[in-house]
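Student: Model the placement of chain B on the given structure of chain A, informed by the hints.
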Amino acid sequence: MSRYLGQVWALAAKDLRVELRTKERFAAMGAFVVLVSVLFYYAVDWTILSPQDVASALIWMIIILAGLLGLGRTFELEKEEGAMEGLLVAPVPRDALFLGKVLANCLLLGSVELVAVFAVSLFFQVDFAQNWLGIAAVLALGTVGFVSLGTLFAGITAGTRMGETLLPILLFPVLVPLVAFGAASTASLLAGFPPAAVFGSLRIIAAFSLINLVSGMGLFRFIVEE
Amino acid sequence: MSLRSIRQGALILGFLGVGLTLLFHWMVFFWVSTEATLGISQRIFYIHVAGMWTGMLAFIVVAVCSAMFLWLRDDRLDQIGQAAAEGGLIFFAVGLTAGPLWARLAWGTWWTWEPRLTLSLLAFFVYFGYLMVRGATENRERGKTFAAVIGVVGAINIPLIHVSVLWFRSLHPEPVVARTDGPALPADMLITMLTALLAWTVLLFALILLRYGAARLEARAEERALQRGATV
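Chains as they are written, first to last, in our numbering: chain A, 1 to 226; chain B, 227 to 458.
Bear in mind the hints are in silico, worked out from the structure with no lab data behind them. Be aware that one or more of the hints could be misleading.
Partial pick of chain A residues on the chain B-facing surface, computed with a CB cut under 10 Å [stated by the list, open to error]:
#1 TYR42
#2 VAL179
#3 ALA180
#4 PHE199
#5 ALA207
#6 PHE208
Virtual Cβ for every residue (Gly too), placed ideally from N, Cα, C.
Next up, chain A with everything else stripped away, as it sits in the complex (with noise of 0.2 Å):
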């Protein structure tokens, strides 16, 4: 067992020393939440609506593009000089290679969250620092579902002549249930209700994530297969 979170650590490491390098991706996608918040403020009518009506709303598109931004890319390292081959050889269950992929976007997406959550508190005067417990478990748990999906679709989009195009197409149908009670529990405790409020949501959304996840592990040999 720990030799295997041993590989999948390795693995996962691999690729966040290559991100901690050029920090292309968090650049890209740092940029793009803050840029996005800055369209958003412009394209809403705030003598009708408060921020606070729509901040979960927000924080959750905002990561989702942001997201399919970064998660695109996924294989873009491994597309060149073979380097997908010398991973394919590599003695490691193909598994634990779909999990460190995770973790690594994990990881990523996870510190773009943060810069997102900056964002829209510094934009729209969204108060985070209440519930901050809760809403971080909102986050990290969506997240795990969404990479999982994320990065198994990114795998087979890689594949294609369309790429990223079509990651949007594939990712947008299956995520709705993580949106629709991800942001609702947002929403909830933003405004205040203790975190037992949503512990039904959450519950929720952990069981979208599992199952995507465990999905995945078994799915991903089939689509890195030569």
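Tutor: Same frame as chain A, but now just chain B:
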């Protein structure tokens, strides 16, 4: 199954399906009694429900074929899955067109976030992706696998989507809308409904067989072209 028997089966089912379709349209327009509260617009209901039902049935076929294809690697399973996905999209398109028409007359709005309508729309796009990926992959073998993976992921997630769109209403209560499908449908409406379901189920299987036969021919043509050393 030989190509000849596929063709014969498709023809028989096709004629039967078209005949039953004509019959149920006649029933919808001339035979069945008009519903008391909704009036004539309720007749759209038969077409809408039959379209949705057939679409969902097709996608169960896609899900089963996708999972079996990943397991057994039999090309025929992939071809049936592809045929069912294409057929299902047609029937969903019919159902999703008839749904808003009916909603406009019954509820005064083109679109409502009614759980079954929402689910059908999302399922439509899951399988739209299934076909798009297949078309966008240069290596045909990989395209088949990709599509099958999407078929399986879709099948796993559709129950989750279903639960979500059902429960989402309890999060955001909406005004309760009158539903026409009361506890008991009068006999003539029930017969019309069942005829419609039967007609399009038969037609779906006719389309699947036809498309499956075509896919077999395509595969054979490709094989021969490869043997001749040419590329298609």
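Student: Each of the hints needs a verdict: does it hold here or not?
Tutor: Each hint tested on the structure:
The interface hint given for A:TYR42 is violated, since its Cβ lies 27 Å from the closest Cβ of chain B, which is over the 10 Å cut-off. Given the 10 Å rule on beta carbons, the hint for A:VAL179 holds: about 9 Å separates it from the nearest Cβ of chain B. Proximity of A:ALA180 to chain B holds as hinted, the smallest CB-CB distance being about 5 Å (cut-off 10 Å). Taking 10 Å as the C-beta cut-off, the interface hint given for A:PHE199 is violated, the closest approach to chain B being about 14 Å.
Look at A:ALA207: its Cβ gets to within about 8 Å of chain B, closer than 10 Å, so that hint holds up. For A:PHE208, the suggested interface contact is upheld, since its CB lies about 6 Å from the closest CB of chain B, less than 10 Å.
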